[in-house]
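Chemist: Chain by chain, the residues:
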Amino acid sequence: MIRVFIADDEAPARERLRELLEDISAEVPNAVAGEARNGLEALERLPASAAHVLLLDIRMPGMDGLELARHLSGLEEAPAVIFVTAHDKHAIEAFELNALDYLLKPVRAERLASALKKAAATGAPRRENLERAAGAPREYLSVAERHRIVLVPVRDILFLRAEQKYVTVRTREREHLIEESLVALEREFSGPFVRIHRNCLVARAAIRGFERTGGGDEEAHWQVVLDGVTERLPVSRRQWPAVRELIAERP
Amino acid sequence: MPSIRQTAYPDVLPDFRNLAVMARVLVAVNALALTGALYTTTGVLAALEHFVYVAAFLEPLLLIQLVALSAASGLLARVPYWGACLLVMAIAAVLAGTYHGVVRAFLVQSVPSLGRTLALAILVTGFLLAYFYLHTKAFSPALAEARLQALQARIRPHFLFNSLNAVLALIRRDPKRAERALEDLADLFRTLMADARQFVRLADEISLLERYADIEQLRLGDRLRITWDLDAAPSDALLPPMVLQPLLENAVYHGVEPGTGAGDVVVRIERRGDRVHAVIENPYLEAGGQRAGNRMALENIRERLALFFDAEARLETRIANGRYRVDIEIPYRRT
Chain A
495 MIRVFIADDE APARERLREL LEDISAEVPN AVAGEARNGL EALERLPASA AHVLLLDIRM
555 PGMDGLELAR HLSGLEEAPA VIFVTAHDKH AIEAFELNAL DYLLKPVRAE RLASALKKAA
615 ATGAPRRENL ERAAGAPREY LSVAERHRIV LVPVRDILFL RAEQKYVTVR TREREHLIEE
675 SLVALEREFS GPFVRIHRNC LVARAAIRGF ERTGGGDEEA HWQVVLDGVT ERLPVSRRQW
735 PAVRELIAER P
Chain B
872 MPSIRQTAYP DVLPDFRNLA VMARVLVAVN ALALTGALYT TTGVLAALEH FVYVAAFLEP
932 LLLIQLVALS AASGLLARVP YWGACLLVMA IAAVLAGTYH GVVRAFLVQS VPSLGRTLAL
992 AILVTGFLLA YFYLHTKAFS PALAEARLQA LQARIRPHFL FNSLNAVLAL IRRDPKRAER
1052 ALEDLADLFR TLMADARQFV RLADEISLLE RYADIEQLRL GDRLRITWDL DAAPSDALLP
1112 PMVLQPLLEN AVYHGVEPGT GAGDVVVRIE RRGDRVHAVI ENPYLEAGGQ RAGNRMALEN
1172 IRERLALFFD AEARLETRIA NGRYRVDIEI PYRRT
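Note that the protein sequences, when read in sequence, are chains A and B.
The first sequence begins at 495 in the numbering used here and counts up one residue at a time.
The second sequence begins at 872 in the numbering used here and counts up one residue at a time.
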């Protein structure tokens, strides 16, 4: 019995998928494990639903399907994902390139049946494939807990600092640890973030100014003063010229 | 069996009620007069003096002729092209002759002879008709292009496939509603495939908007809330086809679909004097963005309005108080 979760913002589209799932239940035994009307709702409900397969609309309010799939891939028992789209040329090209499963709306029963069988066999999509298929940077970073995914809006992040095998995500209120590489994060968020040190990316909008410290025995260096927190972050000698230039561009 | 005609665009006279057409006539005739003055006199100052003298005679006549032509434009539209050309020349000549007589009898004696006046009037009218003939010829590929765009880009594939999907979902639960939705879709596509060069009545365009809205309502349910403000809409007004529907489609696509909550769309159409004013307003969602697709649709409409109304149509967009708003203004024309 395959447990299927349906995420689509249009009620008739969800209804149609339920009908089709029932139609093919003799061939592919299945049960609807849950439904969601947008990306955030799906993220909230899916972990507890124990779904094996997620039928996921790409264009949804709140969070689009591709970003949602990327956050889910952090779950311990991540579901297999079948993207569903009416017409999205770029997304379809990206799916083809990265071996991701998709169905076109209106969906045919036979196609749905074979996609379900395949998905149940292959399991969750690989995180790198999802990353490559995504056209835009994420709006959230996520921390997967056992039955829950905690989202951190990228616009709330002050800085990202690599330590050992984790990256610390610092917001005004608290810190999170995520398992991602700082290099990949720098590539994805090259617009809003600037590298100030080998191990640190700072949100350009959070920089209030710079302070010069040291002198005496210690070599003098610059520090970033942040908005809203008292922590200071050292700027490496190597990054200083680039940082200064970027900040000068700021309106 | 009907054949595919090579010249799909019949020759038509310019619309003499159009201010831009009037302006072109005025500029062209005065330029001709100035050229004549420069040719017949020696020195620029003398030429200008002569031009002012000629213009004093010419301008009232020209205005009278333009008023007469704009009054006769209803009649001219019903006559075949070449007949209409002759009619225009006849109107111009008769008015020139009469004007000549009046000026000679009551104002000044030293005007050119009647023969010269008539010959000049006919020549200049012929010249202008030839100019407008070439002008419309030059623009007709653009018209063809506009029609192609109307066929291909007006309704998003996204909308078509999602609508079909919604209808499929209805077939078992509510067959009657599914039938109606398919009928609405058929009407939409019939209009899409109709001749994009023909004006349509505002009443028809409004009913198309309502059919389109019904389909969207099916898909989006409570998330789509449309307020119709059409009490002052002149249902007999004429406008180019598919001008308002793409704007409503944009409003839904950019202003309602990307939002998690309900989105309010306002459609307001009213007559203000001799202008028809339409406003379509939707929530401005920064994340959804008014992206490139929207600009293309707007440019398409702006171009088509320019083809139909020249400089007399206006299309403006603005973002204020979290709302995105498109304003369209066209001259009020009736059948």
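Rather than coming from a laboratory, the hints here were simulated on the basis of the structure.
Here a beta-carbon is modelled for each residue, glycine too, at the ideal position from N, C-alpha and C.
Mixed in with the good hints there might be a few duds.
As the list claims (entries may be wrong) - Some chain A residues judged to face chain B by a derived CB distance under 8 Å, without partners named:
id	residue
1	A505
2	R510
3	E516
4	D517
5	A520
6	A525
7	E529
8	N532
9	A580
10	H584
11	P600
12	G722
Stated by the list, open to error - Derived DEER-like restraints, expressed as beta-carbon distance ranges:
id	chain 1	residue 1	chain 2	residue 2	range
13	A	E590	B	D1181	30 to 38 Å
14	A	A742	B	D1100	47 to 55 Å
15	A	E587	B	D1045	35 to 43 Å
16	B	R888	A	E590	16 to 24 Å
17	A	V677	B	E1157	23 to 31 Å
Chemist: Next step is simple, just say for each hint if it's right about the structure.
Modeler: Hints versus structure:
1. Nearest Cβ of chain B to the Cβ of A505/A: about 6 Å, under the 8 Å cut. The hint holds.
2. Because the beta carbon of R510/A sits about 4 Å from the nearest beta carbon in chain B, less than 8 Å, this interface hint is met.
3. A cut of 8 Å between beta carbons decides the hint on E516/A: the least distance to chain B is about 11 Å, and the hint is violated.
4. Because the closest C-beta pair between D517/A and chain B is about 10 Å apart, greater than 8 Å, the hint is violated.
5. The beta carbon of A520/A comes no nearer than 18 Å to any beta carbon in chain B, farther than 8 Å, and the hint placing it at the interface is violated.
6. Hint on A525/A is violated. Least Cβ distance to chain B is approximately 20 Å, over the 8 Å limit.
7. For E529/A, the interface hint is violated, since its Cβ never comes within 8 Å of a Cβ in chain B; the closest pair sits about 14 Å apart.
8. With a cut of 8 Å, the hint placing N532/A at the interface with chain B holds, because the nearest CB-to-CB distance is about 5 Å.
9. Because the beta carbon of A580/A sits about 4 Å from the nearest beta carbon in chain B, less than 8 Å, this interface hint is met.
10. At its closest, the beta carbon of H584/A sits 12 Å from a beta carbon of chain B; the interface hint therefore is violated under the 8 Å criterion.
11. Here the hint on P600/A is kept, as its CB sits about 4 Å from the closest CB of chain B, short of 8 Å.
12. Taking 8 Å as the C-beta cut-off, the interface hint given for G722/A is violated, the closest approach to chain B being about 23 Å.
13. Checking the proposed 30 to 38 Å range against E590/A and D1181/B shows it is violated: the Cβ atoms sit about 47 Å from each other.
14. Between A742/A and D1100/B, the C-beta spacing of about 50 Å keeps the proposed range 47 to 55 Å intact.
15. Distance hint check for E587/A and D1045/B: the Cβ-Cβ separation is about 36 Å, which falls inside the suggested range of 35 to 43 Å.
16. Between R888/B and E590/A the beta carbon distance is about 55 Å. The supplied range of 16 to 24 Å is therefore violated.
17. In this structure, V677/A and E1157/B meet the distance hint of 23 to 31 Å, their C-beta atoms being roughly 29 Å apart.
Violated hints for the displayed structure, listed by number in ascending order: 3, 4, 5, 6, 7, 10, 12, 13 and 16.
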